[in-house]
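Student: Residues per chain are reported as follows:
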Amino acid sequence: MSLTESILAGNRLSISRLLTQVENDSVEGRAALSKLFPHTGKAHLIGVTGAPGTGKSSLVNQLAQYYRKNEDRKIAIVAVDPSSPFTGGAVLGDRVRMRDLSGDEGVFIRSMATRGSLGGIAQTTASFTQVFDAAGFEIIIIETVGAGQSEVDIARLAHTTLVVEAPGLGDDIQAIKAGILEVADILVINKADRPGVEITERALRSTLELAHPTKRVYRHHGQSMSVPTVQSDMETLWIPPIHKTVSTEGKGITELAESITKHAAYIRQSGDWVARDRARLGSELDALIRAELMSRFLENIQQTKYDEVVEKVLNRSLSPYEAVNFLVNGKISQRKKGEGQEDRRRDVTTSSS
Amino acid sequence: MTEKKIRVLVAKPGLDGHDRGAKVVARALRDAGMEVIYTGLRQTPEMIAEAALQEDVDVVGLSILSGAHMALAPRIMELLKANGQDDVKVFIGGIVPDEDMPRLREMGITGIYGPGASTDDIIKDVREAVQP
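Sequences listed follow chains Z and B, in order. For the first sequence, counting from 1, position 308 maps to 311 in the working numbering; every step adds exactly one. For the second sequence, counting from 1, position 44 maps to 55 in the working numbering; every step adds exactly one.
It should be emphasised that the hints constitute simulated quantities derived from the structure, not laboratory data. C-beta: ideal position from N, C-alpha, C; glycine also. Hints may be right or wrong, so weigh each one.
Chain B residues, not near chain Z, derived (Cβ > 10 angstroms throughout) [to be verified]:
#1 112
#2 136
#3 140
Part of the chain B face toward chain Z, derived, beta carbon under 10 angstroms [to be verified]:
#4 34
#5 42
#6 43
#7 47
#8 48
#9 49
#10 58
#11 64
#12 67
#13 94
#14 95
#15 109
Away from chain Z, derived, C-beta distances all over 10 angstroms, residues of chain B [as the list claims (entries may be wrong)]:
#16 77
#17 78
#18 83
#19 85
#20 86
#21 118
#22 121
#23 122
#24 139
Can you build the whole structure from these sequences, using the hints too?
Tutor: This is the structure we're talking about:
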């Protein structure tokens, strides 16, 4: 049986090994992803993000249990934790909160480190979801790093994004800030048995009242572009519901799961599902093109020449923009006269010839 | 970003609750640039084998201070083999009497570390064990 066939058949060891290949961006990994790609596009991707300590892992644990008990669908969980920027190492600890899920063949948990990515998920997280999708996992839950306010990559990847808050983490100004709250399709106040839950709820509710209705804007080709939804009248507009949960006790999980199902139905019906898929695949393509061009550029350039230019930028005789123009187009951009840069320019030209 | 990382599962099978050692080792391996999956206390051999499978680790580190190593380790080795992961290297840290060591090595345990073992040695041994 070929690797692709055994993935499609759901062989766990093959899935696991392929994920490693994909994570290391190997040639085999890429080839297998290409073969599996036609089989993807069926799964519901659920993103879970929010500040550290809000209980994302516990919530994912509860949600997965709920789905296994009530809907009998196969579930994959991709849990992302940060890599150390200094050593590249990582401690991935999300499994600690998911021990209830062990022993269930219908659940596959995979931890991954960000390996230098900053948006809360790793570069290969999207590819991971494709492997699981092809292997027949119908629900894929992606848990982000949880580092802070700029963790919005998840909204580009997931169909439904949950933003998890906890009482006592910030006031209403935090709630107005752009970024993480805006990406929420569903808001969850976890640890709702703690004091201060009403304040958090009020802050979130008033933010929603201030902000809605907003048109959803996707970034594509490096630019923001708004994707008009098929229906945009007030009655059918999705307003993120706020759910209160206590994930250690399983409280509020049923309502949350129902809300997620409702959101999936809503975006399928409104055309948003396809729009999100298009935006996601578009930005994935962009990233791949960027990487390809970069590696082609690096192939064609001599390391010594490159180092020389860096040196010139360092001693301020070239600006980074001029350096790029020189390296990519082989040109020295003309500076205006009277800036006293004549001699430096000549210096660059001679050394490059 | 495409460099291969050593992935290690650090697990505590059995019923003792002393996880300081496991955490120190996890931290040291992280600082050596490895990706460490930490599973927490009181794992059954089945849970450990399952996690090793899902995470496709190169190495499993077991922390056992309860004295149950002669019951836990063979079972874990058996399950890893059953899952097709014979190539995974297994290390044990904790309290292991000298007379048990030969038998543990016989069943395929790569390294055994007692109190006072240096993390540098552990890192070195892990790296050597996973060299292709």
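Student: Can you list which hints this structure breaks, lowest number first?
Tutor: 15
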